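**Q** For the record, the sequence lines run as chains A and B. Counting from 1489, one number per residue, gives the positions in the first sequence under the working numbering. Counting from 4, one number per residue, gives the positions in the second sequence under the working numbering.
Calculated directly from the structure, the hints in this document are not laboratory data. Please read these numbers as outputs of a predicted model, since none were measured by experiment. Backbone N, C-alpha and C fix where the C-beta goes; we use that ideal spot for every residue, glycine too. Please note: incorrect hints may appear among the correct ones.
[Claimed, not checked] Computed footprint of chain B on chain A, listed as stretches where at least three residues anywhere in the stretch have a Cβ under 8 Å from a Cβ of chain B:
#1 1599-1611
#2 1615-1621
#3 1626-1635
[What the hints assert, rightly or not] Straight-line alpha carbon distances no greater than 25 Å define the calculated SDA-like cross-link-like pairs of lysine to any residue that follow:
#4 A/Lys1710 <-> B/Ser110
#5 B/Lys72 <-> A/Glu1610
#6 A/Lys1629 <-> A/Gly1607
#7 B/Lys251 <-> B/Glu179
#8 A/Lys1606 <-> B/Thr59
#9 B/Lys171 <-> A/His1618
#10 A/Lys1606 <-> B/Gln101
#11 A/Lys1629 <-> B/Met120
#12 A/Lys1710 <-> B/Glu145
#13 A/Lys1606 <-> A/Leu1628
#14 A/Lys1710 <-> B/Ala152
#15 A/Lys1629 <-> A/Pro1708
#16 A/Lys1710 <-> B/Glu148
#17 B/Lys149 <-> A/Ile1700
#18 A/Lys1710 <-> B/His144
#19 B/Lys190 <-> B/Pro52
#20 B/Lys173 <-> A/Gly1607
Each chain, written out:
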Amino acid sequence: MNYRLDFTPVIEGLPDLLLACLGTFGLALGGMALAIVIGVGGVILRDSRIAPLRWLVKGFVELVRNTPFLVQIFFIYFALPLAGVRLDPTPTAILALGINGGAYAIEIIRGGVQSIGKGQIEAGLALGLHRGQVFRLIVLKPALRAIFPSLTSQFVLLTLTTSVCSAISAYELTSVAQRIESESFRSFEVFGTITLFYLVISWVMMRFFSAISQRYFSYPVK
Amino acid sequence: MSDAAATGAAPADAMIVMSHVEKWYGDFQALTDINLAVRKGEKIVLCGPSGSGKSTLIRCINRLEDYQKGEIRVGGTRLGDDARTIDAVRREVGMVFQHFNLFPHMSVLRNCMLAPMRSLGASRAEAEATARALLERVRIHEQAEKYPAQLSGGQQQRVAIARALCMKPKVMLFDEPTSALDPEMVKEVLDTMIGLAEEGMTMICVTHEMGFARQVADRVIFMAGGAIVEEAPPQDFFSNPRHERTRKFLGEILHQP
Ligand SMILES: Nc1ncnc2c1ncn2[C@@H]1O[C@H](COP(=O)(O)OP(=O)(O)OP(=O)(O)O)[C@@H](O)[C@H]1O
Ligand SMILES: [Mg+2]
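Full structure from sequences and hints, please.
**A** Dropping the structure here:
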């Protein structure tokens, strides 16, 4: 083993790498926003009175959770254009991350909704609120609070999954690192460095979620 | 059985009329031929052994439970299947639950403002003024900014009463409002209910607080096995119960320590 460490290419590429971290955050935040929308919307449809909607959501969750993310993103990027839907790498990545995260979010949020006592729903109905209002105003927040730790881990995972989007050359940390590595052959230095970057990114995401939790879910409970 | 209900003609000032109501849970019949007319301002205490259908009966009145036969009218509106009627009835009928069911993620004040704003379309200022006035009336206005978990059971139940009153209901339903409370908190809730009764609210209370029944009830109704077995003014009901099952029930609850 006489591999001599040489960080020069990493140092020269540092501005690119740091900028690429923003790309990673962008994909992650976009994906999470979409995942939340899909998650909450999916829960509503999943328990709707219209049976085909319930089946649709169940099928969607099964399909997404039992297939690889790489295949999902390839499908959107390479197969959908054949059906006339052509998206750039970044929108594709956000869409794929949102769909994938959304399927998991549906199951997680649904668990939270089911943990809310029937008494809460009945109190809302007895006050003349209709079902949609009861869900939005009474059930949703305590439900999200109940599952927020699980949702946080799922979203940290989603953040790390952005690296798979390098496979379609979306602009993010891993693809920029790959480019620097292929030009310099400094694999150890480049991937060692971005490993640390990912650690920091995960940590920032966890801080972000704990701040949200402090802000919105810190009401006292017994 | 009240004559009016039996003949199908409710008194002119009836707030609630249940005629020949029957309800099943699957094969199990939870309510059998319920006939009940409650006049405006009347106070009814509903009692009976566990599983006799007391909760089911009052929950039919605001349609938290549906029923399969007979008819329920609330303030002249026939309670059917369509959502508009159900919502309209629910806005006129307040309910207080055994376990309070306050919304944990809202302050006491917001608990009281939510439904008037969202269901009646009251402005924030109107809703807040009403809420503060009613919280004051249940003597809990100093806790308006607190969250439910920061209050005692008795305080929570008084907030729940205020929250229901914020809708300016014509009828109040109580489902064992004191049975989840520590003994020392029962009185503050009963006093609130007595105050409400004295102001002329139409009330149906499921409770085993017989002191309360003696003091405020116009009629005490005894249920067993999903049917109304006996109804009488409190003095007759307690001193002169006609049915064996009523006597047995009274013997059991009045001899509790
Ligand atoms: N959702 C339900 N499904 C099936 N059976 C039910 C349901 N709710 C109530 N029942 C049954 O209906 C009967 C009446 O119940 P209900 O809750 O009205 O009794 P209750 O008089 O209020 O009793 P308690 O004093 O224990 O509150 C009981 O035998 C109960 O087991
Ligand atoms: Mg009951």
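**Q** Now look at each hint and say whether the structure bears it out.
**A** Here's how the hints hold up against the structure:
no. : hint                    : result
1   : 1599-1611               : holds (count 5)
2   : 1615-1621               : holds (count 5)
3   : 1626-1635               : holds (count 4)
4   : A/Lys1710 <-> B/Ser110  : holds (14 Å)
5   : B/Lys72 <-> A/Glu1610   : holds (23 Å)
6   : A/Lys1629 <-> A/Gly1607 : holds (16 Å)
7   : B/Lys251 <-> B/Glu179   : holds (20 Å)
8   : A/Lys1606 <-> B/Thr59   : holds (15 Å)
9   : B/Lys171 <-> A/His1618  : holds (18 Å)
10  : A/Lys1606 <-> B/Gln101  : holds (13 Å)
11  : A/Lys1629 <-> B/Met120  : holds (19 Å)
12  : A/Lys1710 <-> B/Glu145  : holds (21 Å)
13  : A/Lys1606 <-> A/Leu1628 : holds (13 Å)
14  : A/Lys1710 <-> B/Ala152  : holds (6 Å)
15  : A/Lys1629 <-> A/Pro1708 : holds (13 Å)
16  : A/Lys1710 <-> B/Glu148  : holds (17 Å)
17  : B/Lys149 <-> A/Ile1700  : holds (21 Å)
18  : A/Lys1710 <-> B/His144  : holds (21 Å)
19  : B/Lys190 <-> B/Pro52    : holds (23 Å)
20  : B/Lys173 <-> A/Gly1607  : holds (22 Å)
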